[in-house]
Amino acid sequence: MQRTFERVLAVLSSLGLSCVLLMLLALLTWLGTLEQQHTGLFEVQRKYFESLVLIHHVGSVPVPLPGAALVLGLLFVNLIVGGILRMRRGVATFGVLITHVGIALLIVAGLIKLRWSDDGHVTLYEGQASNTFQSYHHWEVALLEKLDGARVRESVVPQGAFTWATGDEAVRVSGAAWPFTLELRHFAANANIAPKGPMVQSSVPAVDGYVMLPAQVEAENEANLAGLHATIVDPDGARRELLLWGATRAPFTFERDGRTFGLELRREQFVMPFTVRLMDFEKEDHPRMAMAKSFSSDVAVLEDGSSRNVRIEMNEPLRAHGLVLYQASWGPSNARPGDPLFSTLAVVRNPADQHPLIACIVIAVGMLLHFGRKLVRHIRTQAQPA
Amino acid sequence: MQIRVKCSARAALVVGAMLAAACSGQGPREVVAAPAVEYEPVGKPVQWNASDAQRFGVSAKDFAPAGASAHGAATAPYEYELPAGWLALPPAQFRELNLRVAGADNAECYVTTLGGGGGGLAPNVNRWCGQLKREPLSQAQIDALPTVTWLGQPAVLLDIEGEWGGMSGDASAKDWRLIGLLQVSGDKLRTLKMTGPRELLGRELENFHKLVASFRAKS
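Residue numbers (the working numbering), protein chains in the order written: chain P, 1 to 386; chain B, 1001 to 1219.
By construction, these hints were calculated from the structure, which means they are not laboratory data.
All C-beta atoms in this analysis are idealised placements derived from N, C-alpha and C, irrespective of residue type, glycine included.
A couple of the hints might just be wrong.
Simulated coverage check for chain P against chain B, where a stretch passes if three residues somewhere in it have a Cβ under 8 Å from a Cβ of chain B [stated by the list, open to error]:
#1 28-40
#2 59-73
#3 125-136
#4 248-261
Go ahead and model the full structure; you've got the sequences and the hints to work with.
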């Protein structure tokens, strides 16, 4: 057992393993880049860089490969065991040790971003306000309960819970204090809704004169509108079927036990601890061109009864309560002079937001120490008389 | 040695089962929703008690745009030049491009793309024949129909006259003409269909062909 453990440790800490892992990372980067010729960025990111294992097709031949998440995980272990714990300690290796600590911090930052960050956007016309932002890619089923005034009580079911339910088999959802359960089935990553007609056929059962038509998934994931078949099941067995679709303008409203509920399929939504109101959006075009040179948003940040004005522009984001709001884009793209424009602010909540910067500083310090020492020694050697 | 082999086999079974589960794509069949949160949405008040037509932005009577049309408009892959005197209307259900011919209320021209083959070329040709109360065409007659180039690919041209029975057979107008293109592209059936009074369509035939020639894929 002891020998086995030592053998495993030797492999995990070996320079050979480092080289293999780095080459695999380079390969995955190259393959992922090529894949973007016919697959959108979101899908490529998910397949090559956020997975543990993937199947890459060379023509019609499937080739299993480790995903970047697995490779980076092994690289982290290799770095800790071989590059830090088992490394010879001394003045000569001090700079290298610090560099390795910085790289390990960078990998940890990547894991935190992958697992614990939220990102999306908030899009506003001038005068509009919002206290939520929504994901570009992920969906959720939201159950809203109407409370006093405009307040709602909201429970959500993330996409991961029902994305596999693409056929008749349902995922059953319950919630705290729900007087019913939900059955979700026939999930489609991209779909249209159409009135049921003689020429309209679908594998999804029609509901109330409407059918859901699964459509080909668009390469650009932001253009996909998901669809889902839902059933509200009461304790006495009564069932109410309905269709949920990503482009609906309002939830499906129903009442149970004197309570008013709404059910909808929507882009994953996050509540911000403040409200952002777009006061003014400015766009400057390049001279004699219809291409934007710069654009910025003057917003009012409203929280706890107070308001402060902030300008958000390229490289000048708004940072508040762990959120970062960047000026991402504007539209509509076919706006004519004088048409009202909207501003899209990208929103990121990343606990490791500053970690890459800190890691790069640590790496730079380590490399300066290591190569600086080498340089000094070289100069001294050169200065000695022959 | 025997114990090590047993352990290895057991470990292999566990790993294999995990991999199989991971690869099966299935998830838990019973889930509990995330704990509820209470808040007041700002900027997007919830529209309670919306009808299905309001939710989807399209009614069973096929007149409301938005919803599916927003989706269709976002993915309509072409540009065109509007003929003089024609009007561009908002896209509608099954009409990713929706035009009024020469400003006439009863003449229209629209593009529809149906997935899954749309039922095939012949059934759609004969569906159009039925709308003008014409006898269905045989396969040989359909094969003999002329073709024009539309969006770089051949499209079958159908030009027929008759009594307009409407799409559901519940309307009626004599001396009607239908000029349309049907194009099978991959698993899609794309059509450009112009209907209206025979005389009006006769005058606008040249504009129709100019419209067809002006179609191009969006860059």
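**Asked** Hint numbers the structure violates, sorted upward?
**Response** Structure breaks hints 1 and 2.
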